[in-house]
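*Asks:* Sequence:
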Amino acid sequence: MAIGWVLAITILSLAPPSDLPSISYPHLDKIVHFIFYYIFFILWYYALCGPQPFKTVKKKALFIAFAMAFTYGTVVEVLQYSMGKGRSGDVFDALANTAGIICGIFTVILWNAINKTIKRAN
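Read in full-length UniProt numbering, the sequence shown has 96 at position 96, and its numbers run on one by one without any break.
In case anyone wonders, no lab produced these hints; they're calculated from the structure.
On a predicted model such as this, the values are computed, not experimentally measured, just so you know.
No residue lacks a Cβ here, since even glycine has one placed at the ideal position from N, Cα and C.
Certain hints may be false.
[What the hints assert, rightly or not] Derived CB-CB ranges, DEER-like: (1) Ala121 - Phe63: 41 to 47 Å; (2) Gly50 - Pro21: 34 to 40 Å; (3) Lys119 - Leu7: 32 to 38 Å; (4) Leu7 - Gly84: 20 to 26 Å; (5) Ile35 - Ala67: 19 to 25 Å; (6) Trp111 - Pro21: 17 to 23 Å; (7) Lys55 - Ser88: 40 to 46 Å; (8) Gly86 - Trp111: 19 to 25 Å; (9) Gly89 - Ile31: 16 to 22 Å; (10) Ile35 - Ala113: 22 to 28 Å; (11) Ile35 - Ile109: 18 to 24 Å; (12) Val78 - Thr117: 40 to 46 Å.
[To be verified] Okay, derived cross-link-like pairs now, DSS-like style, lysine-lysine, Cα gap no bigger than 27 Å in a straight line: (13) Lys116 - Lys58; (14) Lys116 - Lys30; (15) Lys116 - Lys55.
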């Protein structure tokens with residue numbers, strides 16, 4: 001599922017804008033970037049953790065998923081900047097990507113803490 005998500009982001013990010021629906025709501029693209037990279041991080045985190053992760057695996061997965069999402073988002077913005085065809089790299093898109101990743105990190109940490117508390121209570 002994580003690989004499919006990356007492919008979807010790649011296609012949507014690098015396709016000529018004329019092939020995509022236009023957005024009339026101001027800054028909606030930033031919200032879309034945020035959501036895409038929030039989901040990107042969470043999917044890769046759980047893909048890297050496996051079914052029964054140990055504490056060290058969770059920490060490594062957190063770092064690796066962050067590095068993957070951040071690097072990928074940066075590379076896509078650089079490609080958009082350099083390829084032309086109606087595309088342009090945008091620092092604010094990169095910031096929205098990063099904000100989504102950071103919120104994904106907080107979500108995972110909170111989710112893991114809640115699960116740990118529930119397991120202790122049982």
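*Asks:* Would you mind marking each hint as holding or not holding in the structure?
*Replies:* Comparing the hints with the structure gives:
1. Ala121 - Phe63: 41 to 47 Å: With Cβ atoms ~29 Å apart, the hint is violated.
2. Gly50 - Pro21: 34 to 40 Å: Distance hint for glycine 50, proline 21 holds at roughly 37 Å.
3. Lys119 - Leu7: 32 to 38 Å: The hint (32 to 38 Å, Cβ to Cβ) holds, given that lysine 119 and leucine 7 are roughly 35 Å apart.
4. Leu7 - Gly84: 20 to 26 Å: Given range 20 to 26 Å: holds, Cβ gap about 22 Å.
5. Ile35 - Ala67: 19 to 25 Å: 20 Å, holds
6. Trp111 - Pro21: 17 to 23 Å: Check failed, 33 Å falls outside 17 to 23 Å.
7. Lys55 - Ser88: 40 to 46 Å: 42 Å, holds
8. Gly86 - Trp111: 19 to 25 Å: 39 Å, violated
9. Gly89 - Ile31: 16 to 22 Å: 18 Å, holds
10. Ile35 - Ala113: 22 to 28 Å: With Cβ atoms ~23 Å apart, the hint holds.
11. Ile35 - Ile109: 18 to 24 Å: 19 Å, holds
12. Val78 - Thr117: 40 to 46 Å: 42 Å, holds
13. Lys116 - Lys58: Holds, because 13 Å separates the two Cα atoms, which is no more than 27 Å.
14. Lys116 - Lys30: Given that 27 Å is the threshold and the Cα spacing comes to 33 Å, the pair is violated.
15. Lys116 - Lys55: 11 Å, holds
Taken one by one, the earlier hints fail for this structure at numbers 1, 6, 8, 14, listed in ascending order.
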